[in-house]
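Keeping their order, the protein sequence lines are chains A and B.
Numbering-wise, this note's numbering puts 346 at position 346 of the first sequence, and it's gapless, one number per residue.
Offset between the second sequence (1-based) and this note's numbering: plus 931.
Careful: at least some of the hints might be erroneous.
[Stated by the list, open to error] With a cut-off of at most 30 Å between alpha-carbon atoms, the simulated DSBU-like pairs for lysine-lysine come out as follows:
{"hint": "1", "chain 1": "A", "residue 1": "Lys342", "chain 2": "A", "residue 2": "Lys330"}
{"hint": "2", "chain 1": "B", "residue 1": "Lys1080", "chain 2": "A", "residue 2": "Lys565"}
{"hint": "3", "chain 1": "B", "residue 1": "Lys1080", "chain 2": "A", "residue 2": "Lys492"}
{"hint": "4", "chain 1": "A", "residue 1": "Lys526", "chain 2": "B", "residue 2": "Lys1040"}
{"hint": "5", "chain 1": "B", "residue 1": "Lys1040", "chain 2": "A", "residue 2": "Lys402"}
{"hint": "6", "chain 1": "B", "residue 1": "Lys1005", "chain 2": "A", "residue 2": "Lys492"}
{"hint": "7", "chain 1": "B", "residue 1": "Lys1078", "chain 2": "A", "residue 2": "Lys565"}
{"hint": "8", "chain 1": "A", "residue 1": "Lys526", "chain 2": "B", "residue 2": "Lys1078"}
{"hint": "9", "chain 1": "A", "residue 1": "Lys402", "chain 2": "B", "residue 2": "Lys1078"}
{"hint": "10", "chain 1": "B", "residue 1": "Lys1102", "chain 2": "A", "residue 2": "Lys402"}
{"hint": "11", "chain 1": "A", "residue 1": "Lys292", "chain 2": "B", "residue 2": "Lys1063"}
{"hint": "12", "chain 1": "A", "residue 1": "Lys319", "chain 2": "A", "residue 2": "Lys292"}
{"hint": "13", "chain 1": "A", "residue 1": "Lys526", "chain 2": "B", "residue 2": "Lys1102"}
The hints are simulated quantities; they were obtained by calculation from the structure and are not laboratory data.
Keep in mind that this is a model prediction, so the values were computed, not measured.
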Amino acid sequence: MTRRVRRRTCREKAKGVDEVVGEGRALRGSSHVGSAGAEGWEDAAAAEVDWTALPDDALLQLFARLNYRDRASMAAACRAWRALGSSPCLWSALDLRAHRCDPEVASSLASRCGSLRRLRLRGHEAAEAVPGLRARGLREVVADGCRGLTDATLAVLAARHEDLESLQIGPDPLERISSDALRHVALCCSHLRRLRLSGLREADADAVGALARYCPFLEDVAFLDCGAVDEAALAGIHTLRFLSVAGCRNLKWATASAFWAQLPSLIAIDVSRTDVSPSAVSRLISHSKTLKLICTLNCISVEEELSHNPAAFSNSKGKLVLTITSHIFKSIVSLFPGVDVKEHGVFNQCNWRHKDKIVGDIMSWLEWILSQSLLRIAESNPHGMHDFWLQQGTALLLSLLKSSQEDVQERAATALATFVVIDDESATVDPARSETVMQNGGIRMLLDLARCSRESAQSEAAKAIANLSVNANVAKAVADEGGITILTNLAKSMNRLVAEEAAGGLWNLSVGDDHKASIAASGGIKALVDLIFRWPAGTDGVLERAAGALANLAADDKCSLEVAKAGGVHALVTLARLCKLEGVLEQAARALANLAVHGDNNDNNAAVGQEAGALESLVQLTSSQNEGVRQEAAGALWNLSFDDRNREAIAAAGGVEALVSLVQECLNASEGLQERAAGALWGLSVSEANSIAIGQGGGVAPLLMLARSEVEDVHETAAGALWNLAFYSGNALRIVEEGGVPVLVNICSSSGSKMARFMSALALAYMFDGRMDEVALVGTSSDSSSKSVSVEGARRIALKHIETFVLSFSDPHMFSMAAASSTPAALCQVAEAVFIHEAGHLRCSGAEIGRFVAMLRNPSPILRACAAFALLQFTIPGGRHAVHHAGLLQKAGAGRVLRAAAAATTASIEAKIFARIVLRNLEHHQSGTST
Amino acid sequence: MASAGESGDGADGKGVTTITIISSDNEAFEVLEAAASMSLTIRHLIEDGCADGGIPLPNVTAGILAKVLEYCSKHVAAVAASSEAGSSSNAADAAAAPEKEEDLASFDKAFIDVEQDTLYDLLMAANYLEVKGLLDLACQKVADMIKGKTPDAIRQTFKIKNDFSPEQEEKIREENQWAFE
């Protein structure tokens, strides 16, 4: 039976955008690293040096150079190291963002947190657990992902940590935090210097007043993206030096500017992303005696004013006004009078570190608010900012990437990852923006950041590299700068976030054919496969990216072998069997499909089929809720059905029924799904039992629907399946009864795909070469008389179009030349002209070849010409299965029949020429095999 | 080396003055004072006027001392070269500076690629002599040997005896579980 080799390989797919991570349970039984190995190491070799005797200073340095995991392992080595591992100096700062943080964990850490000063955490559950650390001396808390944080939690946090000097919670909006909690913070934390909160619905006069009254050191307040903030009350915080209300929606600017201009210590104010009025800005400029800097990025009214009147704020009395149209770098340089600072080095700390403290404070604050605003602007991607990004924004972000403030660095990397993505839905990455990053040296800088020892920076840098690499030019630069090795190393990280983003980077890089081999050479394939085993439930981000990257890699012949060697088949099948997350399943199925593509060159196809549960799970996935999963599963089964044993195993696993119902339900689905569903049936229908089962199971009607599709890939594949089905008389009759003749005739006469026309012609030829009549006459149908009439009509139409199809390959001049001369050159020319390239990939069984040989003697001259034409296509030298077909013809003793056809006086000139070419092809193969 | 003492009265006194350092096994090393001063311990001794007649180092063997001094000499020379390049505004010199930096990095990499016992001795010596750069280098090397290993693998690497009772081990496991989640 015919088979198709030109199957869909990978749908190259890049992932540009980070998606929200959902809940999910996935794999079972993956073990955690850190489990003890063999116990009982004996003191065999008398140790010459005693590493435990190293001075404490040196050992502490060692600890300090390790991440928490390695510190824990080192501390678990012996008593001396355990004691040192609990030293207060190693526990003055803690970043729990990548770790589970709940009451249980908190209490296990409590004994070591006595002198904890700085804490970073993620999620409101973690915030709830913080008091359990019993870190009474905590000075600084930075939290993100705290959307669900409640008043009660914040109040307890404040009450238990009265020494807090800095509290930052954002950027996720604190929707549930009210002014009550804010007042509570003010009452408890009288040492507060810095308070930065995002997304409060309201900060009322009471709450802000409490801050003014009870926090005598408060100098830095940021209410970002808040609803109402009491403008007048803020003016009561006389110690305030830095104020940001960026992104606040409902401020009364007249009141605000009048009151804030009176703040006696205010140095800098940030009103970016607001509807601040030009007159309010002017009032701040003219009335404030202390203000040095006003930041107004992405403020529509201000920008409109400036477009009419570029000199609007030119009389600024020495105050800097930063807007998206101002020359930001140059403006900032003017903060350093008398210092030789180069414009783009203005954020470089060396330039101003030793100058006066105020400038240092301004710059640190400016870095922070700029990183915030740029990230938020990147996220919302408002119109009218494109030029800003190209001219200044990119350079600003890259400058911030070198900040000495770690959170600024990370936010800048996140912003770089975000601003290049201009359409979240389709993960479209703007080429101009990503290439600007590249041209400004950003790739090198991001790779350097990715190589630093901080995991939080690693993950953000890897994410930026991943997103930028959607652009092929940038991907090349990343590869050229050694990025593939760096990402491969990060993919081995024990930190889930790092591993996830690194896998995402490899996924996007693996789209490029040039990079596949580099990824393999860097050990990336092994690292990706290991990821699947390492990360168990609830880590869909990692699994999806790893499977996606492996899918792309498997599309390459050599890499697919590597994937299999690294245990990828088992890993991917395990995912397909046990994972419940659709994104992961889709990529796993796509990877398996691609692994199975190279059936001619390696054993992967068979190997996938032999993996326990592989075919069963793929069959099940064809009924997934998710269309993408159904599509990739069908694609995988299509490719796998190429292997004889797989094909029968798929059928045994219920594949025929599953795919028939898939094809029945996919009529409104995507082209990709339709094509693969039809393709899978095509693959299965190679064997007689399956073919008959598909016909009896109701597969014919939906295939005919797909054959009506306008999309070439869809109707071509459906035609292939119908061709296989039509080999059996029962199916042929069904096709006629379901009104299939006009459908096939339509493809045969008007499809843009030669393959589709060819296969539909062959399907029609099978249907009307006489075998179906035997069945019809034996008469299983009750109303056989009316049917036979319509069958006769259908037969005439079919033959007419087969003839037209065959003649469409005829060039009268060339054919008469070939007929007249007996030189091989003329025949050769015809053969080349009529050859359908893709038909060289089709493989026929002995039964099928035999049927075409029989057709050479059919009473209909049209079918005789068609049979010669088909045999010509199947035996042309260079065709993948030409030798196989030639052998079958030899065995069937076709030479005599062909010679008769070539010489027949009743035959058309085309039929004779085709037969002569087939004979020539046979000679060619014969001489080929004998030498 | 032999003639170095003669130039001790040069204009730039410190740069060319040499001092003598004596290892625990009584081997004397004559080195530039600038190089020896990479060690804070030695620099303090010099500043306190204790360098006359050689500085004895009872904790450092000749073999290790030679290595430490090799490190110091290389780095002192590199610093001198780059400050010269920095002070002259010659563009070609300035361009050469990063190259020197790479040189130094590859020197460090090769320098610290030693047997484990030597690494231990270097770390001890760097700590005792307070050669910060060398201490950092050695610590990083050891840290790299620890990274990603289980406690048991760490014990094997450094030939450390497990002196915990099973109960303690269980307690430590609980105590450190957070880091692995």
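Tested hints:
1. Of the supplied pair hints, the one linking A:Lys342 and A:Lys330 holds, its CA atoms being roughly 9 Å apart against a limit of 30 Å.
2. Using a Cα cut-off of 30 Å, the hinted pair B:Lys1080 and A:Lys565 holds, with the two alpha carbons roughly 25 Å apart.
3. For the proposed pair B:Lys1080 and A:Lys492, the alpha carbon gap of about 13 Å is at most 30 Å, so the pair holds.
4. The suggested pairing of A:Lys526 with B:Lys1040 holds, with an alpha-carbon distance near 27 Å, which does not exceed 30 Å.
5. Among the hinted pairs, B:Lys1040 with A:Lys402 is consistent with the structure: their alpha-carbon atoms are about 25 Å apart, no more than 30 Å.
6. For the suggested pair B:Lys1005 and A:Lys492, the alpha carbons sit about 35 Å apart, so the restraint of at most 30 Å is broken.
7. This hinted pair checks out: B:Lys1078 and A:Lys565 have alpha carbons roughly 27 Å apart, not beyond 30 Å.
8. Annotation: proposed proximity of A:Lys526 to B:Lys1078 holds, straight-line Cα distance about 19 Å (limit 30 Å).
9. Between A:Lys402 and B:Lys1078 the CA atoms are separated by roughly 26 Å; this keeps the pair inside 30 Å, and the hint holds.
10. For a cut-off of 30 Å, the pair hint linking B:Lys1102 to A:Lys402 is broken: about 41 Å separates their Cα positions.
11. For the proposed pair A:Lys292 and B:Lys1063, the alpha carbon gap of about 41 Å is over 30 Å, so the pair is violated.
12. Between A:Lys319 and A:Lys292 the CA atoms are separated by roughly 5 Å; this keeps the pair inside 30 Å, and the hint holds.
13. Proposed proximity of A:Lys526 and B:Lys1102 is contradicted: the alpha carbons are some 34 Å apart, above 30 Å.
In summary, the numbered hints that this structure violates are 6, 10, 11, 13.
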